[in-house]
Structure formats: C-alpha cells, structure tokens
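Asker: Listed below, chain by chain, are the residues.
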Amino acid sequence: MTSGGASIAAPGARDAEEQLFETNAGIEIAECYGPDDIRNFNPEADLGKPGDFPFTRGPYAGMYRTRIWTRRFQVGFGSPQETNERIKYLHANGANGFVITIDLPTSYGFDSDAEIADGEVGVTGVAISTLEDMEALYEGFGPDKVSYALSIRPPVSTVTLAMLACVAEKKNVALDQVIGTQQNDPFFQMSGGPLQTITQFFPLDGTLRLCIDNIEFISTRMPRLNWMVTNGYNLRETGVNAIQDGVFTLGHAFDIFRAAKVRGLDVNSFPRRASFFLSASIDFFEEIAKFRAMRRIYAHTMREQFGATNPECWRLRFSVQTAGNTLTTQQPEVNIVRAAYEAMAAAFGGAQSIHLCSYDEGHGLPTEESSRIALRTQQVLAYETGVTKTIDPLAGSYYVEAMTDRMEKEIRQGLAELDAQGGMAEAVKSGWLESQINQARYRNQQALDSGRRPLVAVNRFTIPKEEEKPVKVHKIRADEWGARRARYLAQFRAERDPQSWSGALARVEQAYKTNSNMVPVIMHALRAKATMGEIHDAMRRAHGWEGRQV
Amino acid sequence: MNPKRLLLAKTGLDCHDTGIITVAQTLREAGYEVIYLGLHNGVKEVVKAAVEEDVDGIGVSYLSGQHMTQMRRLLQAMRAENLDVPVFCGGVIPGSDAEELRAMGVAEVIPPGTLSKDLLGMVARALASHDAR
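In order, the protein sequences belong to chains A and B.
Heads up: the first sequence at position 528 corresponds to 528 in this note's numbering, and the numbers run straight through without jumps.
Heads up: the second sequence at position 3 corresponds to 3 in this note's numbering, and the numbers run straight through without jumps.
A portion of the hints provided could be inaccurate.
Chain A regions said to be covered by chain B (calculated; three or more residues, Cβ under 8 angstroms) [unchecked claim]:
(1) 32-45
(2) 236-245
(3) 361-367
(4) 439-448
Chain B side only, calculated, beta carbon under 8 angstroms to chain A, not exhaustive [unchecked claim]:
(5) 36
(6) 38
(7) 76
(8) 113
It should be emphasised that the hints constitute simulated quantities derived from the structure, not laboratory data.
Idealized CB from N, CA, C, for every residue including glycine.
Bound-form chain B, shown alone (with noise of 0.2 angstroms):
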C-alpha cells in the first residue's frame, strides 16, 4: 500500500510554527508523506494544494485565536471544490471553540502537550474512518 499523503499549512497571518513542524517531522518519520506549505497561506492555495496533490487529509494549526475565523474559510473552501478529506486542526484552541470545530467537521483538535503516539493515532483513526465511509 502506498503511503498515506498529508498537506500540512499555516493558513492567514499566524506565524508560530514549532508545533506544525514538529508534527511535519512527526509524521514523515511515521511514514507519511508530508507536504508542507509553509506560512501565510490563503484557503484557496490550500485547497487548490490538497486536490493537486491528491492528499489523503489537511493538517494546519493555529496559536494566536484565528482559528474560528481560518477554519470556517477553509470549510467553506473545500466545500466549494467538492473536497472531502479530513481535516486536523492544532494549536492552542479553547475547549468550547474545539467542540465547535468538530460540530463543524473537523475531523480532530489537537492540543499542546499531545504526545507522539497519541497524534499518530488520532490521525491513523480519522483516516481509516473516513476510509470507511
């Protein structure tokens, strides 16, 4: 089986990247194939990156409380584009405003703190139940 790809972004002006990065890392050595796109990314690039690049799910992440405002976007962008992979969001995000995001469709909040073998699991679990569908 070829290896799962994920697209991995930080979307509007947000620049923290220690937790994306180290995810990045986190799941090539997994296996993955990781694509990274980097900082200041619009919702169209990444969507336009992910069906491009035939990816199998979207990682991005978010520190500084952009995070409703960026996910809502990107949704709304994949719906657009008849995009269905799942989606993971990272970062610091208030527990009220990750219930909201998975009513939303967000396939899995990640906190700070998460362990390596907890992300790897969640985002194994998210892929095969989509597969599943």
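For reference, chain A alone in the conformation it holds in the complex (with noise of 0.2 angstroms):
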C-alpha cells in the first residue's frame, strides 16, 4: 500500500508500474514460456544428473542434501593477531569459512612500514608482511582443519602460498593435507578492470609467469587447495552485464589454462582444484540461467577443447558474492532484501560457497553488526526457506532452459569474439577490455538516470535526505594500525641473520632469473625472515623493472 502514492518518484523517472521486458543484458523476455520454446530441449544431453556431465544442474551429486553450501564470512582488519581473534569468536558462532581480505599495501607486495602503506595499514584487510604474521592468522587453527580463503593475486599470492606452505610445515601438517583457497587472478583481483591497476607495481609478465608458478606448486604439491581461476566478481563489479560477465570469466581461465598447459601441466590433473568466484546480480532468472549455462560450457569445452578425460576436470565450481554494485546508499535496509533474492539466485544456480554484502557498504567498510545480519540471511535461506532439499529445482522450467540455452549462445559467441582479440591477456593489454567495461559504466548511469533500470530509493521510491537514518560505520584506525605494524617490523627485522636473510633474498632474485619455480625459494626467504616487500623488491631487480612511482 506504500508504492506510488507514499513515493516520490526522481523527476524524469518512468512510470512506476511500467515495466520493460527484457533481462538486464538486454534479453528479451516472452509474455510466457512453453514446449515451443525449449523444442530442443534434450534432458539427457542438457542437463545429464547432478554431479554428471554437461553438470548443468551442479558439479555434485547429491549437492546441498549431502552438504550445504559454505557460508562463508569475509573478515579481516588491521593486524594478523586482531583478525585472528575475530575469526575464533565467528568460527564459536557457525561460520565455516573465511575469506580473508587483505589490505592494499600487502595486495601490492608493500610492508606495512613501507612509506606507500602511509594511511592505508590494516583498512580494507589485514596487513601481512611476514612468516610470522600468517603464523598469527592462524593461531589455534590447522590448514588442514579450517579454510581460509585469501583475497590475493600474483605477485602477492606466490609469496602467501609460500607462507601457507611454511606454516603447514612447522604445525606438521602434510602439505597435501592443506585445504583453503588461493585466489590466483593475476588480472582481476583489483577492483576489475584497470590495466594500469595491475602493472602499476609489478611487470604484468611477471604477475602472469607467477600465476602459473602457482598453479604448479599446488597442482603437484597441495592437491586439496583450491586456487581461483577468475575473480568474475570483481570484473562483473565494473558495470558489465551477465553475458560479458560469462565471456570475460570463462575466456579467462580458459587463457590461464593455456598457458599452464604450455608449462608443461597436465590438463588432466591441474584444473580440479580451479574454481571461480562469480557475481550474483539482482535479475533473478539471468544469473541462475547465466550459473547453468557457464557450467555447461565449461564442461563442453574442457571435455572437447583441452582434452580433459578426467570427469573432475569438467566441471564448474564456485564461490558467489551477492552484488555490491546493486546496494544503494539510499534507504540502506533494503540491501538486505537484495541480497537474500541474490543469494536464492546462487543456490538455485547451485553455487558451492555463498557471501552476502552488508546493507551498509555505500556508507563504509561493514560493521560487525551488519556481517552479522548478512551471515543470518543466508542462515535463513540454508535452513529455513527449503531451498537446499532437492536439487537444481528449476530444472525442466520452460522459461528457466530457455534462459539458459540463450545465455550459454549468447556466452559462446562472445567467446568467439574475445578469441578474435588474441584471448583475454591480449584484450586486456590492448585496452580493448577496458573500453568495453567504459560504456558499460555509461551506460549503467544512464539507465538510471532515465529510469530504464528501476532502482528502489535513487530513482523510484525515494524519501527526502532528511528522513534517511544514520548509519553505524565501521571505526578505521589505520594510523595506530601503521604505527603499531611499523614498531612490529622494525624488531622484527632487527632481530634477523643479515647474513642468511641477505643469501636468501640473493637466491630469490636468482630463482626468478632462471625462471624456476618461486614457491619453493620464496618459502626459503621466508623462513630466513626476509618480508614480502622485501621479496617483492628483489623480484623486480631480477626483472630490471623500475616501475611507476606515485
């Protein structure tokens, strides 16, 4: 009874009740669905049962009846001892998993002391600079016990799975015992799109030769981790629709998989621990269509085009978090409703590991209270709503296969199109990417603007400025953070062998000459407490890379 009268509709928005039928990448959606419109339909070839190719209705058998997806909670703020403790009191109250968000200085390979990391120690993550410091992130916890997923990419990411190997080491726990996941995207795991981003600080050949160094140290050493393919999630964070989003991810990892078949990899073995972490947006039926249909193309193509005879090497596994860049500012409780009908789309799309953003992310970083409802919301979902009992229950819906036959084309000759531009590296150096990822940013704008896509409290539904409550943030207190980690470095490396320290950093920049495996090396600079920024340097100087300088 509140819609239209109650509201003030932004002058210039449509009509509230008028509605325009087709999904947000522009599909077209028919008055209603029939036979006619799935006549192809073959149960057998297109869907196959769970757990079986083409694994359209999930990678599994048995999916959440025999395990729930994980709920898993992002955490992690100033240093490693404080982000540790919080992930004790969270692991007392139900969360399973963890991601691990790391703070921008350590993201690009800085010590916290660094003059760089001047205001930004701790904010957005947790601030690692040594062995000690992962030590500390898992304080009380085995990595064959509790998984950790770090928000990382190449460089960064060689030096983590060093450190995770190390750790492992001195708890005795067999490496191939370690479960988790690294997160493995040298392109995409900042923010999505800029090219500058990722070349900013570390030679982007470099950044792709670790990936693949990566991939090789946990492929043949840690066969319980899991590394991430594609961070599909930030890349779709930038604005792109969900077809781009299935092109951009998929001919990504499918670029990523070359190159580690080039090394050398066995494609019958490296790809079983790959998984991906996609977006799940608000149009309800496109993105569980977009889940299906990218599962079966990448069943397809690692069956038919790489030549995967292992079953485990078809099928598509993911993490999904809820849109951030569907959250409005406005009227902030209701993200709580976006991210629940999110969240469904995930477990309808059959998704193995599910995070919803906080309703207060257009105001500040999440508080404690606001992770908490969104841990809850899904706790609802998993438990009450029902969803989680029969498997893949929209399948066999006219309109849903329909949905996910277009998507799966749609995907497919986008596929096409990318493997025009030379694949993914080549569209992302090029700038051809980006440019795409621009008109979408555009384009996004001025469908709100003109009201072309509706959204609740900006351009319908709106109250006055003053009606808008005020919002608790979460206390950033990143110059004791900086200050406290820099006292922490200083001893820290007063307390040190200069001599094996400095041997170790010597064999680093050596390894990297040769092009050896990094992991291996780097684990041994670690141990002799050389740091991540120290690593890191000495990785550039064996690539005579000067950088860009802020």
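Build the complex from these two chains, which are given one at a time in their own frames, with help from the hints.
Answerer: Below is the structure:
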C-alpha cells in the first residue's frame, strides 16, 4: 500500500508501474514460455544428472542434500592477531569458512612500514608482511582443519602461498592435507577493470609467470588446496552485464589453462582444484541461467577443446558474493532484501559457497552488526526456506531452460569474439576490455538517470534526505595500526641474521632470472625472515623493472 | 565563454574507478573539459597538474576508507601551492566523515546513487559560488 502514492518519484523517472520486458543484459523476455521455447531440449544431453556431464544441474551428486553451501564470512582488518581473534569468535558462532581480505599495501606487495602504505595499513583487510604474520592468522587452527580463502593475486599470492606452506610445515601438517583457497587471478583481483592497477607495481609478464608457478606448485604439491582461476566477481562489479560476465570469466580461465598447458602441466590434473568467484546480481532468472550455462560451457570446453578425460576437470565449481554494485546508499536497509534475493539465485544456480554483502556497504566498510545480519540472511535461506532439499529445482522450467540455452549461446558467441581479440590477456593489454567496461559503466548510469533500470530508493520510491537514518560505521584506525605495525617490523628486522637473510634474497633474484618455480625459493627466504616487501623488491630487481612511482 | 576545466584523479592505493570514470564521462557530455589522471597519483602530482592545467576544480573519489587521510593530504598540498579551487569528493563516505570533509573545505561530497542531473547541479553550483567569491 505504500508504493506509488507515498513515494516521491525522481523527476524524469518513468511511471513506477511501467515495465521493460528484457533482462539486465537486454535479452527480450516473452509473455509466457511453453514447450515451443524448448523444442530442442534434451534433458539427458543438456542437463545430465547432478554431478555428471555437462553438470548443468550442479557439480556434485547430492549437492546441498549432502552438504549445504559454505557460508563464507569475510574478515580481515588491522593486524593478523586482531583478525585471528575475530575468526575465533566467528568460528565459535557458526561460520565455517572465511574469506580473508588483505589490506592494500599487502595486496601490492608492500610492507606495512613502506612509505606508500601510510594511511592504508589494516584498512581494507589484514596486513601480512612476514611469515610470523601468517602464523598469527592460523593461531589455534590447523591449515588442514579450517578453510581460509585468501583474497590475493599474483605476485603477492606466490608469497602468501609460500607462507601457507611454511605454516603447514611448522604445524607438522603434510602439504597434501592443506585446505582452503588461494585466489590466484592475475588480472581481476584489484577491483576488476583497469590495466593500470595490475601494472603499476609489478611487470605484467612477471605476474602471469608467477600465476602459473602457483598453479604448478598447488597442483603437484598441495592437491587439496583450491586456487581461483578467475575473479569474475570484481570484473562484474565494474558494471558489465551477465553475458559479458560469462564471456570474460570463462575466456580468462581458458587463457590461463592454455598457459598452464604450455608450462607442461597435465590438463587431467591441474584443473581439478580450479574454482571461480562469481557475482550474483539482481536479475534473478538471468543469474540462475548464467550459472547453469557457464557450467555447461565449461564442461564441454574442458572435454572437447582441452581434451581432458578426467571428469573432475570438467566441472565448474564456484563461490558467490552478492552484487555490491546493486546496493544503494539511500534507504540502506533495503539492501538486506536485495542480498537475500541474490543469494537465492546463487543457491538455485548451484553455488558451492556464498557470501552476502552487508547492507551498509554504500556507507563504509561493514560493521560487525551488518556482517552478522548478512550471515543470518543466508542461514535463513539455508535452514528455513527449504531450497536446499532438492537439487536444481528449476530444471525443466520452460523459462529457465530457454534462458539457460540463450545465455549459453550468447556467452559462446562472446567467447568467439574474445578469441578474435587474441584471448583475454591480449584484450586486457590492448585496452579492448577496458573500453568494453567503460561503455558499460556509462550505459548503466544513463539507465539509472532515465529510469530505464528501476532502482528502489534512487530513481523510484525515494525519501527526503532528512528522513534517511544515520548508519553506524566501521571505525578505521589506520594511523594506530600503521604505527604498531611499523614498530613490530623494525623489531622483526633487527632480530634476524643478516647473512642468511641477504643470501636468501639473492637466491630469490637468481631463481627469478632462471625461471625456476618461485614458491620453494620464497619459502626459504621467508624462513630466513625476508619480508613481503623485500621479496617483491628482489623480484622486481631481477626483472630489471624500474616501475611506475607514486 | 570557454568551458570549465576539471581535473579528476584517484590518489593512494585504492583502485575502484567505476564512479570516477562514469563521472568524467558525464561531465564531458555536459560540456566540461575533463582531464583524468588515472589511478595511484600522489597528492603533489594532482596539485601540480591542477596548477599547470589551470583547472577550475578538482574531483577525487575513494571506496576503501582512505578518504580522510588522502583528503587531508590533498588540501594541505593545495594550501602549500596556494591553489584555491573547489574540491569534489565522491565515493563511499560515511555521513559523519562527509560532514567533517565539508568542514575541512571540501565543496561537495557525492555519494553513490547520485543521478547525473544532481551531480551536474552540485558541480555547477560549487563552481559558480567559488567564482562569486
């Protein structure tokens, strides 16, 4: 009853009841779907059984009946000690998997006491500069017991992977028992779009090589550890649509797989632990169709193009985060509902792990309260709604199958276009991808301005600014965290053996030049108390890379 | 009258640029001359470019919580160079911080979900009131 009359429509917005019958990506939606829309539908070939080729119904037999998706909790701020305490608290409260976010200096391979880190230490995530820091993060947990997904990319992920291996060693956990995920996307971990951000502090060739070093080390030494192929999420967050999301995400993964094959890695082995990180956006059925179509394309491509014969290498597994770019700053409580719908699309799409954005993300970094609501929202979905109780419940729906076919067709067409650009790496280097992203960004703003895309609380059903309630915000203590970390690092450096430290860094340089796998060499350097920043400096020197200076 | 010139830039390590790139395009379409410096600028570089390009205003944006530190530095660097133009700050800025930023001298804080016509209104008003001083 409150819609329409009580609302103040933004001037220029369309009539609130006017509808556009197309998906967010612009696919036309018919009035009603029936048998004619899925005339060529062949359940056996197009769907298969859950856990069987082409995995449309889900990557595993049993799916959520066997194991409900992992309720991931994103955590990471300040020092490793503070983050570890928070993880212990959350673990005791029922979170069973953690995405560890990393602060920006660490994400770019700088120590907490580097000049460039000033004002950024511990802000967006935890600071990790030393092996001791990683040990502190795992205090009280074995790396074979608790699953951390480290939100990090090469070159830095090569160092954090080496740290994780060292932690396992110290805790007497065999490397082949270590679980968790190392995000390992060379391109899209840093906010998705710009080439500049991935080439600002490290040479791109080096980043790509270290990505393959990680895959090689993980697939041969740490077979239970997942590595993320593509951070499709961050890419999607730039504003591209669901079709482009599927194209760029899969195209990028296949590019990396080709590079791994060139390295001599076995296509029946290394993709087993490959995984994807995807966005669930607000267009409910389009997102479900996207997830199902992506699994099908992946299965066919891995079997038919890559020639994988191991069924484990055919199945696409993914974690989901609800779409941050669908949240509003205005009337923020409404975001709880958005995230709930998006999470439901992820569940119908067969996600292996789900994380919900907090309702206050348009105002600042999430608070403990808003994070808890986000976790509770998906606990309601998992335990109360019953969506977990049968597998792929939308299969056979005229609309969902027609839309899944259509998404598959559109994504395949896009993949062919991407191949014509020379693949993802080339499309990134040439700026083609960035121009696609920039066009999407501007288009999205125009769609909001014109009201073509309805957004509750922004271009429909707005309230005066005075009526907006203040939102509690996460307190940032960057100065305090920075000062404390600087004191710690000064002491850490003072207490090490200079000779073994400098010898270990010389070995890093040497190995980098001779194209050895860097992970074991970096493990050695970490044991000799070399820091994150020093190891990166050594690799930059070895590359002969002057770098751009801030 | 010549079109107004605006300098847009990201400073520090934050690389979320969807907002600022969209704003740059919106301003260009509305007739402004926009110079976008890209990511990872130091505040001194921003001020230097603003002086050299003789711009009428500066726009920056933050998503990852660096806004207070970075804005303090930028405003200080502007004072050091006697650069007096309106500064616009976009992005994810908590309400209490937005008030503090305005008190520090930031002309407008522009939140996510701002429609283009509102953005253009804010920019035009701030530039006009600065000219009128």
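Asker: Report the numbers of all earlier hints that the structure fails to satisfy, in ascending order.
Answerer: 1, 5, 7
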